[in-house]
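As given, the protein sequences belong to chains A and B, one line each in that order.
Sequential numbering of the first sequence, starting at 118, is according to the working numbering.
Sequential numbering of the second sequence, starting at 35, is according to the working numbering.
Bear in mind the hints are in silico, worked out from the structure with no lab data behind them.
A few of these clues could be false.
[What the hints assert, rightly or not] Each pair of labels, with its calculated beta carbon distance range:
#1 B/Tyr-252 x A/Pro-345: 26 to 36 Å
#2 B/Ala-145 x A/Lys-300: 29 to 39 Å
#3 B/Pro-419 x A/Arg-183: 55 to 65 Å
#4 B/Ala-245 x A/Arg-183: 49 to 59 Å
#5 B/Val-246 x A/Leu-129: 49 to 59 Å
Beta carbons: idealized from backbone N, C-alpha and C, even for Gly.
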Amino acid sequence: MTEARFQRMKDLPSTHLLGAGTAMCAGCGGLAAVTEVYDVLGENTVFVNAAGCMTLLSVYPFTPFRGSWLYTAMASAPAGAQGVRDALDILRAKGRITPEEDLQVVVLSGDGAAGGIGLSATSAAIDRGLDFIYLCYDNEGYGNTGQQTSSATPHGALTATDALRSGFAGWKKDLFAIWVANKPAYAATVIGGEPLDLARKLEKARSMDGPRMILALAPCPAGWGYDPEHSVEIARLAVKTGIWPLKEYADGETVHTRLPHPRQPVENYLKLQGRFAHLFEPARDEPRLKEIQDAVDAYWAPLEAEHAGG
Amino acid sequence: MTRELITGNAAAAWGARLARADYLPAFPITPQTEIIETIARWSGEGVMDCRMVMMESEHSMITAAGAAAATGVRVYTATSSQGLLYGMEMLYTVAGWRAPFVMANVSRGLAAPITLESDHNDILAARDSGFLQIHCATCQEVLDVTLMAYRLAEDRRVRLPVIVNLDGFYLSFTREPVNIPGQDAVDAFLPAFDPGPATFRAGHPVSQAVAVLGGAPYSYFRYETALAAQAALDVYAAIGADFFARFGRRHGALERYRCEDAEIVFFMMGSFSTKAKEAVDRMREDGVPVGLLRLCMLRPFPTELLRSALTGKRAVAVIDQNLSMGKGGILHTEITSALYGYRNAPPIVTSFVGGLGGRDISIEEFFEIAAINRRASETGEIPPPRLLYTDTELREIRKLQAIAHVERQEEIVP
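Start from the sequences and build out the full structure, keeping to the hints where you can.
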């Protein structure tokens, strides 16, 4: 099958493979992404988990997965994937399992592991051309421990470790660019709130071999400070304001799968979240807001110029 | 069977080759690297059907090893010192997975200060990890025990990873004549790995290493692992008997050397015990009733065997090639905990720390240790723990310090 499997919303599965009743928070954007990803990948998968929020998906004796699961540690899920993939290849080569018994190996990692403690293992897995899918749910902080600053925390966001309550002074690490610089088979950004875009990318990734990365922005009610019912709205605003570009990399080329037009002001996205409330109350922090908007504008400027020109 | 002059590292590689290891996740570190390079060469030449993958750290290496074993292939890997400690989180983790594989550790002292030479602080840091530990004294033992370690690790009653320890330099780079058994004989001793049903296959979902909530399930699974480790003592004895029947060489949890009528017993592990044997022989020539008890299996700890071997002895001299800061020799702690309260325990157990960072232990020092123990058994007074360190060594250090002072243009303190 190819990406043509998902043309319209009605092509998406109407029932989900992933079981309900997990310990994830209400409105978890990461769980939305994992649910949608699992629908496309199916049960012939083994998820190799890095310590993070999703560790609590499988708690003895329950699992929401119809396929397999291996919990490793925070830093080395890609190495766990390497061991499983190599072992399956050896078993196939030596005729000890049939091709039908083979599995798709999927790393499940949060942004804290993906961009920090686990980055070395991830980078090395790409170097080795490991045949796996790397799914990162990016809730822009160490979510499972209460949203401390991670390398994926965006500029200006408050976190639990922000003693001065002034917002993160650094800038979100560009994990997509890091992957692309290492020439993987595939890399894409997705978000659970755009399920058709996600499903098409997963279907494409599924059909390929080699290192493939799916980076899902994961709106997080508990960590970002908003009511769970706004998760989908915030996800869509992340795309419409351009702060979360939807794109994919394959064959040496990055293509944007959505060009937000007209692109909404980024503050429409920021003002719904408690972690950015200090930019609006008690007074608007115009320089900070402008910094954030300028960064988004700078990202899109060449693309929009090209689009206008084309 | 062939007989060849090979290093301890080559013997380790031969163990993996004869065991038909399918998979080798690897990371280089002195003095271990020769093991993975040897296997890499054999794989390239096609004499060993082993897939090797270079990992970016020992943490990842041990993760991959455990994950592959959990998927159902026979895994071999090797490390040393800093590498073992870098992978420490995963030692505990993959042991908890009950992933059976064999890992060589080529013992080397730990930083700081950094050194390449041998002692046992690295491997002893892994004492409580759930890996079983077998310590070797000869190159032959490294090969033999590697084969036995696979039987032990993969046994359904055990299902735990095993570390085979060999001392850096003294064993890793020392050539000894080694009997290399034929492949057919090894195949008959060590059948193919049967991973059982808990492996990752399509159509057969398995969840491994899931979280638990609360202390009750956690305690249950941890204790289950502890029981499996305990069960390894009997299993290893049976494997040893089978190995002896097939190959004529005996390897157990303890080695007794001239212990039967000994009054004073050296207790230690690793390759320095071969020097202790020579010291025992020489003292025996002079009529001194000494013997050697070598601990070959540190985990599980052979408490009953140890008690029985030491029944009625007058004194035990524990020689630790390690140092627990703020406590002392680790083997000393291990043995005294096994002997305390035991009715027939030797009244005197003394502690000596030596061989740190590759520092030699001389024959004369064994003589002196025996003399100290003899005096202690006569007076009934246990001497304080002692570091094996000579006046000459101290003088040499003072010279180095003097140079350091001069280089810093400081006044030399007389």
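Evaluated hints:
Look at B/Tyr-252 against A/Pro-345: about 31 Å separates their beta carbons, and that is inside 26 to 36 Å. Taking 29 to 39 Å as the suggested C-beta distance range, the pair B/Ala-145 and A/Lys-300 conforms, at roughly 36 Å. Separated by about 59 Å at the C-beta atoms, B/Pro-419 and A/Arg-183 satisfy the suggested range of 55 to 65 Å. In this structure, B/Ala-245 and A/Arg-183 break the distance hint of 49 to 59 Å, their C-beta atoms being roughly 19 Å apart.
Between B/Val-246 and A/Leu-129 the beta carbons are some 35 Å apart, a value that contradicts the proposed interval 49 to 59 Å.
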